[in-house]
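**Q** Sequence:
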Amino acid sequence: MKTLVLNLFILLSISATAKNKTWACINEKGETVFTIKAINVYDFHSGLAKVYKHTLVNNKWITGYGFIDKTGRVVIECNLKKAQDFSAPVTWVKFKNQDYYSLIDKKGNIIPTKKYKKTGSFYSFQKDICAVYENSKMGFIDITGKEVIPCKYLGASVFSEGLASVCDYNSIKGEYGFINKKGEEIIPLKFIQSGTSSFHNGFARAQVQGRTVLVDKTGKIVFKTSKGNIQGYNHNLIRVFTKSIRNGWGWLNMKNVFVIKPIYDKAKPFNEDGYAIVEKNRLKGLIDTTGKILIDFKYKTVYADYKKDGFYMGVYPNKEHKSLFDSKKDYFDADFKIINTTNYKHVSSAKQGDLLPFTNINGKTGYLNRQFELVIQAKYSRAKTFSEGLAWVLLE
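Under my numbering, think of the first position of the sequence shown as 1, with each following residue one higher.
No lab work stands behind these hints, which were simulated from the structure alone.
Positions of the beta carbon are idealized from the N, C-alpha and C atoms, including for glycine.
It is possible that some hints are incorrect.
Said to hold, decoys possible - Label-pair ranges, simulated between beta-carbon atoms:
| # | residue 1 | residue 2 | range |
| --- | --- | --- | --- |
| 1 | HIS321 | LYS115 | 40 to 50 Å |
| 2 | GLU320 | VAL222 | 12 to 22 Å |
| 3 | ASN369 | THR22 | 40 to 50 Å |
| 4 | PHE325 | ARG282 | 42 to 52 Å |
| 5 | TYR169 | LEU56 | 40 to 50 Å |
| 6 | LYS173 | ILE338 | 45 to 55 Å |
| 7 | ILE339 | ARG282 | 20 to 30 Å |
| 8 | ASN362 | TYR169 | 20 to 30 Å |
| 9 | GLY291 | VAL222 | 19 to 29 Å |
| 10 | LYS255 | ILE110 | 17 to 27 Å |
| 11 | TYR169 | LYS292 | 41 to 51 Å |
| 12 | ILE192 | ASN343 | 53 to 63 Å |
| 13 | THR22 | PRO188 | 50 to 60 Å |
| 14 | PHE325 | LYS19 | 15 to 25 Å |
Said to hold, decoys possible - The list that follows gives simulated cross-link-like pairs (lysine-lysine, DSS-like), each with its CA atoms no further than 27 Å apart:
| # | residue 1 | residue 2 |
| --- | --- | --- |
| 15 | LYS21 | LYS115 |
| 16 | LYS351 | LYS37 |
| 17 | LYS96 | LYS107 |
| 18 | LYS351 | LYS300 |
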């Protein structure tokens, strides 16, 4: 009788919260590698995937984050209050009844650090150093847990082209400059401005006597203009807005001549492919570095990262404020030709991979390749993006 009551109590206690669901981990052939019961599962990074689940330990349900390997083996127990992905050989976690973060390796070993209550992240593009904070002051540690740059700054938590834009925390005027990963001030903290900047193609924005200019990595001014407020530089073009209400966006060349006239209400930077999302009359389109229109101005949102997503996409305006999943949209191939998606309700980003999760008109999910050809039949309740050759699908 006691056992029955105990089991009933356990069942009732877990029913009050989100339940474990059955997830299958599949390969790119659609074969099941293993299954797991969890509330949620996440992408693989460095061979490990974060999971969030209920685990029964000594007749008590423990709910938390942990990590499994590519065979489904639990390598770090699911008892963590918070956890970041292993984008580097180490990551940040927070244990139950702990108000600070701990740095751990892929075996779950704790790497000694100060007791930081706020941290940044290690990234796939920045594995060697990570921002940390003490009393709102920012510094950086390396993967050994050593504080290589003391916590005395405000500014960017990510280095661009080897430099980070920072300001001394105690600065009254807010003078920014740039440091390298050794903490050396490569460009003196002398630019009085309202926020951070970053280097792209060798140049960064800086504020000099109230005017935004471009500087090189020595701090030398290489470009200034009276034709607009400089917002960034890439593909040898300077993005500016020309009106006080942050309107009239266009692009200058280094000779201070408009290559793309300032006719846009809004404009995002050119991506690495040389395409920029621009807006006119509350509708967005896509242009190249010559100003040629590639996607017409008829969408409320445009997605333009073909390398990551596997498509370009335009989402139509709607009065019902529908979600992206439910909104009407057009998908475009690499040549900006509309793809026939009659049989699909939604196609998700490949996130740099080769396969795209899709949902058919019956609500089932499967996978397409980048040519929008069927690879894995739509038979799952939910399908997540592939990472490191594996993907999660929901079986219930």
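**Q** The structure should be examined with respect to each hint, and the outcome stated for every one.
**A** Hints and how they fare:
no. : hint                        : in the structure
1   : HIS321 - LYS115: 40 to 50 Å : 43 Å, holds
2   : GLU320 - VAL222: 12 to 22 Å : 49 Å, violated
3   : ASN369 - THR22: 40 to 50 Å  : 27 Å, violated
4   : PHE325 - ARG282: 42 to 52 Å : 22 Å, violated
5   : TYR169 - LEU56: 40 to 50 Å  : 47 Å, holds
6   : LYS173 - ILE338: 45 to 55 Å : 53 Å, holds
7   : ILE339 - ARG282: 20 to 30 Å : 25 Å, holds
8   : ASN362 - TYR169: 20 to 30 Å : 56 Å, violated
9   : GLY291 - VAL222: 19 to 29 Å : 24 Å, holds
10  : LYS255 - ILE110: 17 to 27 Å : 56 Å, violated
11  : TYR169 - LYS292: 41 to 51 Å : 46 Å, holds
12  : ILE192 - ASN343: 53 to 63 Å : 57 Å, holds
13  : THR22 - PRO188: 50 to 60 Å  : 58 Å, holds
14  : PHE325 - LYS19: 15 to 25 Å  : 23 Å, holds
15  : LYS21 - LYS115              : 35 Å, violated
16  : LYS351 - LYS37              : 25 Å, holds
17  : LYS96 - LYS107              : 19 Å, holds
18  : LYS351 - LYS300             : 22 Å, holds
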